[in-house]
Amino acid sequence: MMADLSMYLLDIASNSIRAGASHIMIRFVDSKKKNEISLEIRDDGKGMDEAMVKKVQDPFFTTRKTRKIGLGIPFFKELAQQCEGRFELESKVNKGTRIKCTMKKDHWDVPPRGDIGDALVLALCMNEAVHIHFDYISDEKQFSFDSQQIREILGDVSICEAEISSWCKAYINEGIKEEEKDEVISGFKSSARSDKETS
Amino acid sequence: MKSLADLKALRDQTKKRLDLRDGENDYRIVVGMGTCGISAGARPVLNTFVEEVAKHNYSASVTQSGCMGLCSYEPIVEVFDKQGNKTTYVHMNPAKAEEVTRKHIGQGEICEEFTIGAAGR
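Same order as they appear, the protein sequences are chains A and B.
So the first sequence is numbered by my numbering: it starts at 1 and just counts up by one.
So the second sequence is numbered by my numbering: it starts at 1 and just counts up by one.
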């Protein structure tokens, strides 16, 4: 298990980059109404045949030669199973790969989002030539971030320069931020507060 | 709210800073960002290097690499100088990254205590 969703995102996106993808589409859906959180990554990388699709879900398989085990995809699958969700993995040789993890939003084991903006910008800096399109959809808002559009603005300045990357991270995180509403836990919050005051 | 128009202004400002630097970088900093590196905390290490190098406008590039095959030593950072000499720092964290940037990149002094050689002893 990884600490937060952004880590899964970064790990799966880096698989796409290593698979030689030139376009990566990332879709993050967070819906209270449907009680669902999902993270989907689609790429046009070199893809995998059926046998390989089976193998990559095994924690003791990796294409890498530097170490013997690869855990990115098995971790992602485990996350879906643990959170009473679904795991989907489809791939075609020379066409690309689609991987999706759906979780039950109110499940105990759903990890926090983590720094999604940071993960996206880090993925972009792994290979600047790769086009990454990110969509965020919740009940209240929609937000998109498209690396092509950003590059047109930046011209010859790299997105990986410190000022630019931290701006982009903040821009993304602002775009996907949800208003916090006091709900079921508000009772807990207020009692915790009064404990503090009395002590 | 931030808008993409702000980004244009920031871009021009960054461009000015970059123009002050000339030619090839003196150092290349490579941060291991495989699954192992990321789960060991490589992200804040990478960000610290990027920020510190920009803050002092040092002549160095910061890039990412995959797993280097020494997962138990992650986060791992390699620093290459112009001649291609490599220093491998292991078990890095943001505080060590700040020190390495200041001493190694800024003053050319290797931080021996954080190197893989010191960790093996």
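Worth flagging that the hints you see were computed from the coordinates, not collected in a lab.
One or more of the hints may lead you astray.
The list that follows gives simulated cross-link-like pairs (lysine-lysine, DSS-like), each with its CA atoms no further than 25 Å apart [stated by the list, open to error]:
#1 K104(A) with K34(A)
#2 K177(A) with K2(B)
#3 K177(A) with K15(B)
#4 K16(B) with K169(A)
#5 K82(B) with K169(A)
#6 K95(A) with K33(A)
#7 K55(B) with K96(B)
#8 K54(A) with K92(A)
#9 K15(B) with K96(B)
#10 K141(A) with K15(B)
#11 K46(A) with K104(A)
#12 K103(B) with K169(A)
#13 K169(A) with K8(B)
#14 K169(A) with K96(B)
#15 K177(A) with K33(A)
#16 K177(A) with K55(A)
#17 K169(A) with K86(B)
#18 K46(A) with K92(A)
Not the full set, but computed from the structure, chain B residues with beta-carbon under 8 Å of chain A [as the list claims (entries may be wrong)]:
#19 M1
#20 L4
#21 K15
#22 K16
#23 D19
#24 G23
#25 S39
#26 R43
#27 H56
The structure displayed is predicted, hence computed values, not measured ones.
C-beta atoms are modelled at their ideal positions from N, C-alpha and C, and glycine is treated no differently.
Each hint tested on the structure:
no., hint, in the structure
1, K104(A) with K34(A), "9 Å, holds"
2, K177(A) with K2(B), "13 Å, holds"
3, K177(A) with K15(B), "30 Å, violated"
4, K16(B) with K169(A), "22 Å, holds"
5, K82(B) with K169(A), "31 Å, violated"
6, K95(A) with K33(A), "34 Å, violated"
7, K55(B) with K96(B), "16 Å, holds"
8, K54(A) with K92(A), "13 Å, holds"
9, K15(B) with K96(B), "29 Å, violated"
10, K141(A) with K15(B), "34 Å, violated"
11, K46(A) with K104(A), "31 Å, violated"
12, K103(B) with K169(A), "28 Å, violated"
13, K169(A) with K8(B), "16 Å, holds"
14, K169(A) with K96(B), "23 Å, holds"
15, K177(A) with K33(A), "17 Å, holds"
16, K177(A) with K55(A), "37 Å, violated"
17, K169(A) with K86(B), "31 Å, violated"
18, K46(A) with K92(A), "8 Å, holds"
19, M1, "7 Å, holds"
20, L4, "6 Å, holds"
21, K15, "5 Å, holds"
22, K16, "10 Å, violated"
23, D19, "10 Å, violated"
24, G23, "16 Å, violated"
25, S39, "6 Å, holds"
26, R43, "6 Å, holds"
27, H56, "11 Å, violated"
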